[in-house]
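A.B. asks: Sequence:
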Amino acid sequence: MPEMTKQRPKFLNLAEIRLPLAGFASILHRVSGAGLFLMLPLLIWLLELSLGTPENFAQFKAVAGHPLVKLILLGLLWAFLHHFCMGIRILLIDVHVGVEKEQAAASAKAVMVVSLALTLVLGLKLLGVY
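Residue numbers are given in our numbering: position 113 of the sequence shown equals residue 113, and the series is strictly consecutive.
The hints are simulated quantities; they were obtained by calculation from the structure and are not laboratory data. Among these hints, one or two may not hold up.
Unchecked claim - Computed list of lysine-lysine pairs in DSS-like fashion (alpha-carbon distance at most 27 Å, straight line):
(1) K125 with K61
(2) K125 with K109
(3) K125 with K70
Please take these sequences and the hints and turn them into a complete structure.
C.D. replies: Structure, rendered in structure tokens:
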């Protein structure tokens, strides 16, 4: 009887794994959802300041005007837009729309392009460019 050697698990180098664009979009969907959840206390606090007394609104303007806070809000804006667009893509896939490989790749590319384009347009507004 030949000696059976147990195959050891192969070491996976995560840096060498080539994910398709849909894989990156899916990972970013999870990251954006986690980021939105973790930053929810900040967003609720800013909402409370903006809806309070005139003194609270002045404090809101001072906090929201800080460059670091604007950068955080820009990141949250991207997270929301990506999460929203990817959620629509996932809902469409759930009802069997765009499940073929080419359509899935195109929809993942569309999610990335649309979310980044919307982030650019709304981010310029957030930063006061127009």
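A.B. asks: Run every hint past the structure and note whether it holds.
C.D. replies: Against the structure, the hints come out as follows:
Proposed proximity of K125 and K61 is supported: the alpha carbons are some 15 Å apart, at most 27 Å. Among the hinted pairs, K125 with K109 is consistent with the structure: their alpha-carbon atoms are about 25 Å apart, no more than 27 Å. Restraint check for K125 and K70: satisfied, since their Cα atoms lie roughly 11 Å apart, inside the 27 Å limit.
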